[in-house]
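J.: Given these sequences and hints, build the entire structure.
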Amino acid sequence: MFGQGLIKGLQITWGRMFDKKQTVKYPFEKIEMFPRYHGRFELDVDKCIACGLCANACPNKVIQLEKEKVDKKQFLTKYIMRIEYCLFCGLCVEACNKDALKFSNIIDMNQYRRSWVRLTLVDRPAPEPTETPEEETPAKEAKSEAAAGQAPGKEG
Amino acid sequence: MGENIFVGIATWLRGLLSGAGVPDMWNDTILLVVKLVAILLFILVNALWLVYMERRVCAFMQSRLGPIHVGPKGLFQTAADIGKLLGKEIILPKGADLLVFLLMPVVIFIPPLLIFGVLPFGKNMVAIDMNIGVFYLLAIASLSTIIFWAAGWASNNKYSLVGGMRSVAQMVSYELPLILALLGVIMITGTLNLNTIVDSQKSIWFVFTQPIAFLVYLIAGMAETNRTPFCLVEGESEIIAGPYTEYSGMGFAMFFLAEYANVMIISAMCTVMFLGGWLAPFGLDFIPSWLWFFLKMYLMIFVFMWVRWTYPRIRVDQLMGFGWKVLVPLALANIFVTGVGMYIFRAIGWWS
Amino acid sequence: MKTETYTLNLGPQHPSTHGVFRIILELDGETVVKATPVPGYLHRGIEKLAEARTYTQVIPYTDRMDYMAAMLMNWGYVAAVEKLMDIEVPERAEYVRVIVGELSRIASHMIATGAYGGDIGALTAFTYTFRDREYVLDLLEMVSGSRMTFSYFRIGGVAADLPEEFFPAVRKFLGELPAMCDEYDGLITGNEIFQARTKQVGIITPEMGINYSLSGPTLRGSGVNYDLRKVRPYGIYDRFDFDVPLGQNGDCFDRFRIRIDEMRQCKRIIEQALDQIPEGPIMAKVPKVIKPPVGDAYAEVESSKGVYGCYVVSDGSPKPYRVHFRRPSYINLGYLGKLCEGWKIADVIAILGSIDIVLGEVDC
Chain R
1 MFGQGLIKGL QITWGRMFDK KQTVKYPFEK IEMFPRYHGR FELDVDKCIA
51 CGLCANACPN KVIQLEKEKV DKKQFLTKYI MRIEYCLFCG LCVEACNKDA
101 LKFSNIIDMN QYRRSWVRLT LVDRPAPEPT ETPEEETPAK EAKSEAAAGQ
151 APGKEG
Chain B
1 MGENIFVGIA TWLRGLLSGA GVPDMWNDTI LLVVKLVAIL LFILVNALWL
51 VYMERRVCAF MQSRLGPIHV GPKGLFQTAA DIGKLLGKEI ILPKGADLLV
101 FLLMPVVIFI PPLLIFGVLP FGKNMVAIDM NIGVFYLLAI ASLSTIIFWA
151 AGWASNNKYS LVGGMRSVAQ MVSYELPLIL ALLGVIMITG TLNLNTIVDS
201 QKSIWFVFTQ PIAFLVYLIA GMAETNRTPF CLVEGESEII AGPYTEYSGM
251 GFAMFFLAEY ANVMIISAMC TVMFLGGWLA PFGLDFIPSW LWFFLKMYLM
301 IFVFMWVRWT YPRIRVDQLM GFGWKVLVPL ALANIFVTGV GMYIFRAIGW
351 WS
Chain G
1 MKTETYTLNL GPQHPSTHGV FRIILELDGE TVVKATPVPG YLHRGIEKLA
51 EARTYTQVIP YTDRMDYMAA MLMNWGYVAA VEKLMDIEVP ERAEYVRVIV
101 GELSRIASHM IATGAYGGDI GALTAFTYTF RDREYVLDLL EMVSGSRMTF
151 SYFRIGGVAA DLPEEFFPAV RKFLGELPAM CDEYDGLITG NEIFQARTKQ
201 VGIITPEMGI NYSLSGPTLR GSGVNYDLRK VRPYGIYDRF DFDVPLGQNG
251 DCFDRFRIRI DEMRQCKRII EQALDQIPEG PIMAKVPKVI KPPVGDAYAE
301 VESSKGVYGC YVVSDGSPKP YRVHFRRPSY INLGYLGKLC EGWKIADVIA
351 ILGSIDIVLG EVDC
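Chains as they are written, first to last, in the numbering used here: chain R, 1 to 156; chain B, 1 to 352; chain G, 1 to 364.
Hints are computed from structural coordinates only; laboratory data are not their basis. Check before you lean on any hint, since a few could be wrong.
[What the hints assert, rightly or not] A short, non-exhaustive set of chain R residues, derived as facing chain B with CB atoms under 8 Å:
1. 16
2. 19
3. 22
4. 36
[Claimed, not checked] DSBU-like cross-link-like pairs, simulated, lysine-lysine; straight-line CA separation at most 30 Å:
5. R:21 to B:73
6. R:25 to B:84
7. G:172 to R:8
8. R:30 to B:84
9. R:69 to G:288
10. R:47 to R:102
11. R:8 to R:47
12. G:2 to B:325
13. G:319 to R:102
14. G:288 to R:78
15. B:158 to G:2
16. R:61 to R:73
17. R:61 to G:285
18. G:172 to R:21
19. G:288 to R:102
20. R:98 to G:291
21. R:98 to G:285
22. R:73 to G:288
23. G:267 to G:83
24. R:8 to G:344
25. G:288 to R:61
26. G:344 to B:158
27. R:8 to B:325
28. B:158 to G:338
29. G:199 to B:325
30. R:67 to G:319
31. B:325 to G:344
32. G:199 to B:158
33. B:84 to R:21
34. R:25 to G:172
35. R:20 to G:172
36. G:319 to R:78
37. B:94 to G:83
38. R:8 to G:199
39. R:21 to G:267
40. R:61 to G:291
Beta carbons are placed, not taken as given, at the ideal position from N, Cα and C, and that holds for glycine.
T.: Next comes the structure, spelled out in structure tokens:
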């Protein structure tokens, strides 16, 4: 009473003045995210079998995928995530049986336009069906590497 | 060596003018205008600096860094902010009293300017040496109430009106203890001239002989400048920003800068009346007198900031109660004790 | 002197309503004659949305109610579905739930403490609590991957086991927690101006608190010893030794102080849980497609704001027929209008802040 609390408060703020500062100068220094961090999605196209479990698990119908049947196998032609509706709950990652869909540690998904936010993970044409699938494989791989793309907008 | 830098410039200018054959009367006028413009520049630059300082001090107390990116250590942050605010639209609220609404941010700087004219910044460094300095100062300082109130009224917003009303109520209750606190000093010195008051603190500062008056002055001064714990006029968590709610762009910036000008005035007054003005303590005369003045002023400003970023806000009825029931009686008691003390000291011959 | 009253529209855009809440104040000068709370500006229809989602997909939506303590919001819903399906949650999962739930409660109470300081005018308190909350969020991010909307609980357990680095980190944090609480006490609670602002303001008597069905710190501030973790222990709360802080006067100050004391009790619970946590699975055996039997279930947990209940009705399909949430913030608000009458504008802010609402939860 009678000013003790007032003086205590002044002491605390005075002490904090010379304390270590908490600020991280963000664009210049970055914090390492934890391994489980829910950042930008990554899709390992080779592992993906286009089963559609992730699309079904999503509460907001964020994931839109298109597939074509090539040589009795499902071929993923388009994998679009409407990130503007994404809750980042991680149910899709959990639903993935093949460990293809994952979270990365990338945090900057902001874009200047709403439409740029949309994340196109795969956008490629289906390969021509052939009688001998063995010949097709290397070409498919090369394509898929090129197509494991990023967001259409500018980086960062 | 820096002691006479400003006085030297003034003498040099005077010599230059009289050398050029300018009559004495014109010479004086030109010199006065130069002095006032210099003070104006000083206030504006200082207000910018104080906004920056406030943000840094506040950030440091809150374990943050504050502005660091614009300029070295973020020094130009306020300038950049002002630049941004200048480019903003001044939104005119519907049903506002436009003349008053637009005029108030302009005139808000007049009271601080008028006051700085009479403040002694250093030895022989006063633009207008007025022998009723204290009286003039107190009279002008309370003018800003009317401006706040008019701004609140003209905004046609209930929050602003409540803020304006609070401003008037607060000023009425806290002007009194402020003046009564200064009366003790005036009784001892027997003068209203600020220069003489500073001179009479040569042996001992009045903060030591008048500690209660100093405390009352400090509290009432915080209320005068509408700073936490008495920031009821702004009350950003209750009435959002009080009289400034409807102001945007430069209109708001003017009020914002004027707040810091007011803080400077209260701190400068405190320095003059209680902390020995431009007198150097411990005989440290090698530091120029004007620097001492600013050091003391900034110390006081820092105390204001320190308190602001520590304390919560008081409620409006508690504010009135505290002003009338605690501060006014305390100040009156101080005057009484001072008066009695003066008689006793005179009787035993310790004081002439 | 007879004066005319005027109406002041406090909110929905107001810095101290903790979101988009609106109170229509009828004022006589600065004194409140009548206060009419108007919630609903953040209504997103979560209960209706839940009807079009599968049982698991509802979990991310419960996060969005009380986003300050999202773990506890998950818990209430998950507990109701588990009750409906008669699932036995594994031991380790229960402990994990307690640990993250109590951490979430600490985070929520830190916000409440700091935001209340901010409401009263001490903005430094606000930044201090937010600074310290980041440590809690770091811990929860380590566990769940998100900082605010965790979606960590699953029907029958939790999404992932606690990582190895979590245990030393949480012990380090708990070691620092008492110093943090002392700092808040020194800066806010002990401050005479703060006490003058909050003591004997907005008094809720125990009878009125019970009549208006208040819960959580709002009720315990009036001295009613009603904490669900003690009176009707759910999960494994009967295994922990902790106290329920109670107030005496039921004023804003008591409601505020209790939250800081509760943080200290949370520390005790977490420490005991860390000591006792067994090895084992973190998920019960739950079918891939969750189809609860026809019926309904109601489960309650003590959230940071009060008793949070969830009522789930199943028609046997993979989607819930109806989900209803008993949101403590909303129910605690019921008394606000009466409570504000006769106080000043500044007190309305103090009273509203002391109830500690989260608008996501109020409007659901």
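J.: Failing hints, ascending?
T.: 4, 11 and 37
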